[in-house]
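Colleague: These protein sequences, in sequence, are chains A and B.
For the record, in the first sequence the residue sitting at position 238 is 368 according to this note's numbering, with numbers rising by one throughout.
For the record, in the second sequence the residue sitting at position 30 is 160 according to this note's numbering, with numbers rising by one throughout.
No lab work stands behind these hints: they were computed from the structure.
Backbone N, C-alpha and C define an ideal beta-carbon position, used for all residues, glycine too.
Possibly wrong hints are sitting among the right ones.
To be verified - From chain A, some residues computed to sit far from chain B (all C-beta separations above 10 Å): (1) 133; (2) 173; (3) 177; (4) 323; (5) 619; (6) 680; (7) 681.
Unchecked claim - In silico DSBU-like cross-links for lysine-lysine, where the CA-CA straight-line distance does not exceed 30 Å: (8) A:241 x B:696; (9) A:244 x B:501; (10) A:170 x B:284; (11) A:266 x B:501; (12) B:513 x A:513; (13) A:441 x A:513; (14) A:341 x A:278; (15) A:675 x B:675.
There are 2 protein chains.
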Amino acid sequence: MDKILRIDMGAAGGPQMKVEALGGYAGMGGRGMTSAVISKEVPPLCHPLSAENKLVIAPGLLSGSAAAQSGRISVGCKSPLTGGIKESNSGGQASQVLGRLGYAAIILEGKPAKDDLYKIIINQSGVQVLADNSLKGLGNYALMDRIKADHGDKVACISIGPAGEMKMPAASVAFTDMEFRPTRHAGRGGPGAVMGSKGVKVIVLDDAGCKLRPPKDPEKFKEANKRFAQGLKKHAVTGQGLPSFGTNVLTNIINEAGALPTNNFTSGRFSGAAKISGETYAELEKSRGGNPTHGCHRGCVIQCSGIFNDKNGNYLTKQPEYETVWAHGSNCGIDDPDVIAQIDRLEDDLGLDTIEMGATIGVAMEAGLAKFGDSEAAIRLVKEVGQGTPLGRILGSGAEITGKVFGVVRVPTVKGQAMPAYDPRAVQGIGVTYATSPMGADHTAGYAVTANVLGVGGSVNPLSAEGQIELSRNLQIATAAIDATGYCLFIAFAILDQPDTFQDMLDVIGAFIGQELTAAGVTELGKKILSFERDFNARAGFTSKQDRLPGYFKEEALPPHNVVFKVADQDLDQVFNW
Amino acid sequence: MDKILRIDMGAAGGPQMKVEALGGYAGMGGRGMTSAVISKEVPPLCHPLSAENKLVIAPGLLSGSAAAQSGRISVGCKSPLTGGIKESNSGGQASQVLGRLGYAAIILEGKPAKDDLYKIIINQSGVQVLADNSLKGLGNYALMDRIKADHGDKVACISIGPAGEMKMPAASVAFTDMEFRPTRHAGRGGPGAVMGSKGVKVIVLDDAGCKLRPPKDPEKFKEANKRFAQGLKKHAVTGQGLPSFGTNVLTNIINEAGALPTNNFTSGRFSGAAKISGETYAELEKSRGGNPTHGCHRGCVIQCSGIFNDKNGNYLTKQPEYETVWAHGSNCGIDDPDVIAQIDRLEDDLGLDTIEMGATIGVAMEAGLAKFGDSEAAIRLVKEVGQGTPLGRILGSGAEITGKVFGVVRVPTVKGQAMPAYDPRAVQGIGVTYATSPMGADHTAGYAVTANVLGVGGSVNPLSAEGQIELSRNLQIATAAIDATGYCLFIAFAILDQPDTFQDMLDVIGAFIGQELTAAGVTELGKKILSFERDFNARAGFTSKQDRLPGYFKEEALPPHNVVFKVADQDLDQVFNW
Numbered sequence: 131m132d133k134i135l136r137i138d139m140g141a142a143g144g145p146q147m148k149v150e151a152l153g154g155y156a157g158m159g160g161r162g163m164t165s166a167v168i169s170k171e172v173p174p175l176c177h178p179l180s181a182e183n184k185l186v187i188a189p190g191l192l193s194g195s196a197a198a199q200s201g202r203i204s205v206g207c208k209s210p211l212t213g214g215i216k217e218s219n220s221g222g223q224a225s226q227v228l229g230r231l232g233y234a235a236i237i238l239e240g241k242p243a244k245d246d247l248y249k250i251i252i253n254q255s256g257v258q259v260l261a262d263n264s265l266k267g268l269g270n271y272a273l274m275d276r277i278k279a280d281h282g283d284k285v286a287c288i289s290i291g292p293a294g295e296m297k298m299p300a301a302s303v304a305f306t307d308m309e310f311r312p313t314r315h316a317g318r319g320g321p322g323a324v325m326g327s328k329g330v331k332v333i334v335l336d337d338a339g340c341k342l343r344p345p346k347d348p349e350k351f352k353e354a355n356k357r358f359a360q361g362l363k364k365h366a367v368t369g370q371g372l373p374s375f376g377t378n379v380l381t382n383i384i385n386e387a388g389a390l391p392t393n394n395f396t397s398g399r400f401s402g403a404a405k406i407s408g409e410t411y412a413e414l415e416k417s418r419g420g421n422p423t424h425g426c427h428r429g430c431v432i433q434c435s436g437i438f439n440d441k442n443g444n445y446l447t448k449q450p451e452y453e454t455v456w457a458h459g460s461n462c463g464i465d466d467p468d469v470i471a472q473i474d475r476l477e478d479d480l481g482l483d484t485i486e487m488g489a490t491i492g493v494a495m496e497a498g499l500a501k502f503g504d505s506e507a508a509i510r511l512v513k514e515v516g517q518g519t520p521l522g523r524i525l526g527s528g529a530e531i532t533g534k535v536f537g538v539v540r541v542p543t544v545k546g547q548a549m550p551a552y553d554p555r556a557v558q559g560i561g562v563t564y565a566t567s568p569m570g571a572d573h574t575a576g577y578a579v580t581a582n583v584l585g586v587g588g589s590v591n592p593l594s595a596e597g598q599i600e601l602s603r604n605l606q607i608a609t610a611a612i613d614a615t616g617y618c619l620f621i622a623f624a625i626l627d628q629p630d631t632f633q634d635m636l637d638v639i640g641a642f643i644g645q646e647l648t649a650a651g652v653t654e655l656g657k658k659i660l661s662f663e664r665d666f667n668a669r670a671g672f673t674s675k676q677d678r679l680p681g682y683f684k685e686e687a688l689p690p691h692n693v694v695f696k697v698a699d700q701d702l703d704q705v706f707n708w
Numbered sequence: 131m132d133k134i135l136r137i138d139m140g141a142a143g144g145p146q147m148k149v150e151a152l153g154g155y156a157g158m159g160g161r162g163m164t165s166a167v168i169s170k171e172v173p174p175l176c177h178p179l180s181a182e183n184k185l186v187i188a189p190g191l192l193s194g195s196a197a198a199q200s201g202r203i204s205v206g207c208k209s210p211l212t213g214g215i216k217e218s219n220s221g222g223q224a225s226q227v228l229g230r231l232g233y234a235a236i237i238l239e240g241k242p243a244k245d246d247l248y249k250i251i252i253n254q255s256g257v258q259v260l261a262d263n264s265l266k267g268l269g270n271y272a273l274m275d276r277i278k279a280d281h282g283d284k285v286a287c288i289s290i291g292p293a294g295e296m297k298m299p300a301a302s303v304a305f306t307d308m309e310f311r312p313t314r315h316a317g318r319g320g321p322g323a324v325m326g327s328k329g330v331k332v333i334v335l336d337d338a339g340c341k342l343r344p345p346k347d348p349e350k351f352k353e354a355n356k357r358f359a360q361g362l363k364k365h366a367v368t369g370q371g372l373p374s375f376g377t378n379v380l381t382n383i384i385n386e387a388g389a390l391p392t393n394n395f396t397s398g399r400f401s402g403a404a405k406i407s408g409e410t411y412a413e414l415e416k417s418r419g420g421n422p423t424h425g426c427h428r429g430c431v432i433q434c435s436g437i438f439n440d441k442n443g444n445y446l447t448k449q450p451e452y453e454t455v456w457a458h459g460s461n462c463g464i465d466d467p468d469v470i471a472q473i474d475r476l477e478d479d480l481g482l483d484t485i486e487m488g489a490t491i492g493v494a495m496e497a498g499l500a501k502f503g504d505s506e507a508a509i510r511l512v513k514e515v516g517q518g519t520p521l522g523r524i525l526g527s528g529a530e531i532t533g534k535v536f537g538v539v540r541v542p543t544v545k546g547q548a549m550p551a552y553d554p555r556a557v558q559g560i561g562v563t564y565a566t567s568p569m570g571a572d573h574t575a576g577y578a579v580t581a582n583v584l585g586v587g588g589s590v591n592p593l594s595a596e597g598q599i600e601l602s603r604n605l606q607i608a609t610a611a612i613d614a615t616g617y618c619l620f621i622a623f624a625i626l627d628q629p630d631t632f633q634d635m636l637d638v639i640g641a642f643i644g645q646e647l648t649a650a651g652v653t654e655l656g657k658k659i660l661s662f663e664r665d666f667n668a669r670a671g672f673t674s675k676q677d678r679l680p681g682y683f684k685e686e687a688l689p690p691h692n693v694v695f696k697v698a699d700q701d702l703d704q705v706f707n708w
């Protein structure tokens with residue numbers, strides 16, 4: 131990972147590539163790399179779909195090595211959804227493969243003059259950029275069939291579906307999993323639209339002949355990595371909850387906490403929660419020959435993913451994530467696990483962010499386009515997005531635009547991005563993260579559900595304003611750093627609760643880079659990344675006024691706790707005063 | 131005009147009204163009143179369609195008096211289009227009638243719990259607020275037929291069409307003219323959507339039994355008013371150009387200047403300009419029994435409006451304004467005056483801002499929804515808006531949303547509001563106004579076309595950056611003040627060029643209020659109003675970064691002068707440093 135691949139898609143005569151040394155970006159990985167490049171190179175006031183925007187794809191610092199759980203990849207751009215900086219993070223195979231190929235980043239620049247669609251092939255021998263308009267309009271699944279026919283299924287792919295081609299603000303970038311299925315997505319903030327605006331349909335990564343990236347201190351690395359993996363196995367969340375039921379272990383927990391947004395954030399309890407819980411899904415998966423315990427990429431210890439088969443026992447989609455189950459389940463009043471799985475498949479195929487889409491359909495239901503609980507309508511609406519009808523275009527633009535177009539006031543967004551699966555009134559710490567993260571409403575940016583609900587990393591009353599600022603601040607800093615390493619964020623459960631596992635993580639990274647890493651060093655890195663992001667947003671015109679939840683969260687009490695969001699504006703403004 | 135009428139549309143048990151003294155708002159009229167109330171009373175971060183927003187309707191300081199040309203009315207709110215403060219200004223009969231009824235403002239507050247639609251009747255005996263759901267869905271013309279049947283045609287009406295009921299960000303508030311037709315509109319920024327969100331379909335104003343508002347010094351007032359009217363008659367623009375050809379006298383002039391935005395701002399010259407010029411329209415109107423010289427309200431000296439009949443000699447619409455002719459003409463590549471008039475009628479009926487809609491259809495044409503020049507498609511698209519189809523909803527949301535939904539980069543908006551009929555590259559002074567006005571892109575906010583093109587109020591090279599900041603600043607200050615008086619902005623031509631006429635205006639106002647008014651006093655008033663507006667916007671999260679034109683105006687040279695927008699960002703930031 132000592133080089134950067136830049137491809138100018140708008141060069142005269144066709145795409146031009148160059149491979150550069152890391153230069154000033156040395157030491158940056160994942161979100162550190164994407165946010166540094168976007169902040170430094172993209173004019174903050176540019177149109178997100180213009181030639182001036184860039185799409186940066188960066189494996190984590192440890193990706194491509196033998197480090198357990200280090201397969202996350204970051205996609206950065208100026209977001210078509212928020213207008214601010216965006217890092218969207220995904221699992222799948224690409225990060226490890228790109229790391230082994232030696233690229234610390236792929237940067238797509240410029241914009242093709244014509245509307246040709248391109249395939250980029252990267253392997254040990256170099257890079258090819260080929261126009262291939264026969265790929266136009268293909269869903270991610272059909273696209274992978276085509277790629278498999280040409281390149282086999284040992285490669286890893288980064289691609290967009292029809293939504294990205296149509297440059298929809300809810301479009302994701304898809305990454306193939308271990309079965310060469312396009313099930314992992316950098317969904318949030320519309321990076322798929324930026325990839326579409328660059329005219330790139332798919333990037334095929336072939337690491338045949340490449341080796342694992344070697345650590346500077348192999349012995350220390352091996353030992354620390356082993357201890358670290360054991361630490362993950364030992365923690366109740368990463369060792370039991372997530373492997374058994376996936377992220378959807380949360381449906382019952384968050385519903386019990388009264389924080390499961392239901393019918394477009396009108397209640398924190400959903401009567402149908404048990405029918406769509408992780409426990410129910412795991413049983414279904416087992417009974418149909420699927421698998422509730424599976425990794426999304428090689429090197430995964432936690433195994434929080436799974437395989438979901440349909441009623442006939444045929445593969446339908448990966449085990450839907452908790453946020454997807456919430457988005458298309460309780461948020462739309464739907465309690466049918468098969469319907470949710472069908473929509474998950476559809477959205478993976480079209481290349482859409484399931485969180486944004488579920489929130490959007492909730493808003494559309496509030497606008498009267500369908501009734502809450504109407505499964506058929508929900509499926510129909512997602513299909514419309516793929517067809518690119520005017521209604522589909524609206525929905526594919528996300529919850530905020532859908533609310534504007536249909537005159538809806540209750541639209542759960544911050545900075546134009548839809549809130550995920552935790553009501554900020556019943557998990558006030560996550561409300562602070564939603565409000566203040568440079569990314570817009572984003573649970574992963576500072577997952578205060580830990581101390582607010584799960585009792586991980588301490589305990590902070592979720593219904594009170596007290597302690598939430600500090601909680602969110604510390605988590606946002608830590609998360610920015612973790613997102614730079616390639617580590618899956620789920621390691622947080624173990625490192626927050628187990629000081630030894632935290633030290634093991636520091637030792638793994640230290641041994642890999644050949645330089646001792648301290649907790650202070652992690653904090654420093656996180657602050658540096660957040661500073662890049664905050665600086666970009668400020669230059670894009672964001673102020674503290676955009677660090678706010680929509681007004682109705684302060685006015686409408688959420689059942690069953692009948693609580694409003696209580697954190698004061700002036701306190702929100704202290705989150706980044708460190 | 132010593133009282134304010136407040137109606138809380140969301141009061142328990144139904145709308146509650148109260149009549150208050152002016153209090154702290156004494157001395158404020160028109161835009162001064164609306165911007166003071168919005169700035170003081172509306173939470174800047176509220177949702178524009180929420181109960182917290184207010185709709186303020188305020189006649190000018192002189193409205194209802196015998197002052198010539200004083201019939202303008204201001205409508206203020208937090209804009210659903212821009213998210214900032216909005217004052218949208220209209221002619222028609224209402225201002226004079228409301229002034230004579232003694233109301234300095236009507237303030238609609240709150241939001242009905244149900245979706246009942248209301249009619250408000252205001253006359254000498256008081257105010258009635260009546261639910262009348264039989265009015266739902268009526269176009270403004272059919273609505274006026276209904277009102278006429280109940281109230282005769284001597285009343286004045288303020289109403290919304292279907293677009294306002296659907297809460298579309300491009301929805302206007304309509305005002306009846308002297309013939310009781312709903313042809314005058316507070317169009318910009320979506321005030322019709324806010325009126326719709328308050329559940330108010332129409333306000334009927336009946337000044338039977340009311341007298342002209344008396345000046346403090348009747349003799350001085352009468353004399354000054356007479357001289358002032360003579361001054362208007364004397365100036366070439368207000369005495370000849372506007373009466374003969376209306377505002378559309380500008381099509382040939384602006385086309386000649388190479389500043390007539392054509393085909394979504396890709397050229398400043400339109401080959402079909404002569405076919406849709408004011409000269410052509412005047413001939414058509416005369417030949418069909420219409421009238422090119424007509425006032426929009428009683429007391430108008432300039433008579434820039436007119437009556438447009440169809441091919442059979444039947445009334446179709448008022449003489450389309452220049453900005454409407456541009457919007458649906460050159461901007462969409464259409465050169466058929468009957469098509470433009472037909473769309474003008476449609477939009478008056480639906481209650482839509484013609485500027486926003488023309489710019490929006492230009493963006494839709496760039497997105498490939500229709501070809502530039504396709505008249506039938508343009509008419510069909512406007513009809514879709516009225517039908518509230520998903521496509522119609524998109525278009526009714528304005529150019530910015532339409533661009534986002536269809537992935538278009540070249541979208542001519544500032545602060546979410548579409549640019550009007552003057553390309554900022556060929557009239558750089560108006561570009562400064564577009565960029566910096568608190569209203570979003572708005573030509574009336576500081577009409578630098580005067581010195582840039584018309585040679586009125588001096589001469590500043592339109593293609594150079596030099597002198598534009600000062601020009602726009604002075605015009606924005608003067609305009610804010612004029613918009614508070616009720617005076618039609620067109621008096622600016624005469625008062626800028628004729629010092630005597632300017633003094634006559636000061637004398638009219640001074641004699642009316644019984645207090646000498648100086649040029650410095652006018653400037654002070656204008657600065658005060660702009661400060662209210664800028665302060666609101668700052669609290670709503672606007673920064674200097676929103677005081678910018680879209681990037682492509684700095685990059686794409688506009689034919690025929692092949693010029694880009696040259697005013698530097700740091701200079702734009704000096705506009706309000708007075």
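Colleague: Confirm or reject each hint.
Modeller: Checked hints:
1. 133: Since the minimum Cβ distance to chain B is about 31 Å, residue 133 (chain A) lies beyond 10 Å and the statement holds.
2. 173: violated, 7 Å
3. 177: Contrary to the label, residue 177 (chain A) does not stay out of reach of chain B, its closest Cβ about 5 Å off (not over 10 Å).
4. 323: Its Cβ does come within 10 Å of chain B, the nearest being 7 Å, so this is violated.
5. 619: holds, 30 Å
6. 680: The claim breaks: residue 680 (chain A) does not keep its Cβ more than 10 Å from every Cβ of chain B (closest is about 7 Å).
7. 681: About 6 Å separates residue 681 (chain A) from the closest Cβ of chain B, which leaves it inside 10 Å; violated.
8. A:241 x B:696: holds, 24 Å
9. A:244 x B:501: Holds: residue 244 (chain A) and residue 501 (chain B) sit about 18 Å apart, inside 30 Å.
10. A:170 x B:284: violated, 64 Å
11. A:266 x B:501: holds, 23 Å
12. B:513 x A:513: holds, 26 Å
13. A:441 x A:513: holds, 21 Å
14. A:341 x A:278: Between residue 341 (chain A) and residue 278 (chain A) the Cα gap is close to 22 Å, so the pair holds against 30 Å.
15. A:675 x B:675: holds, 14 Å
This entry does not satisfy hints 2, 3, 4, 6, 7 and 10, going by the numbered hints stated previously.
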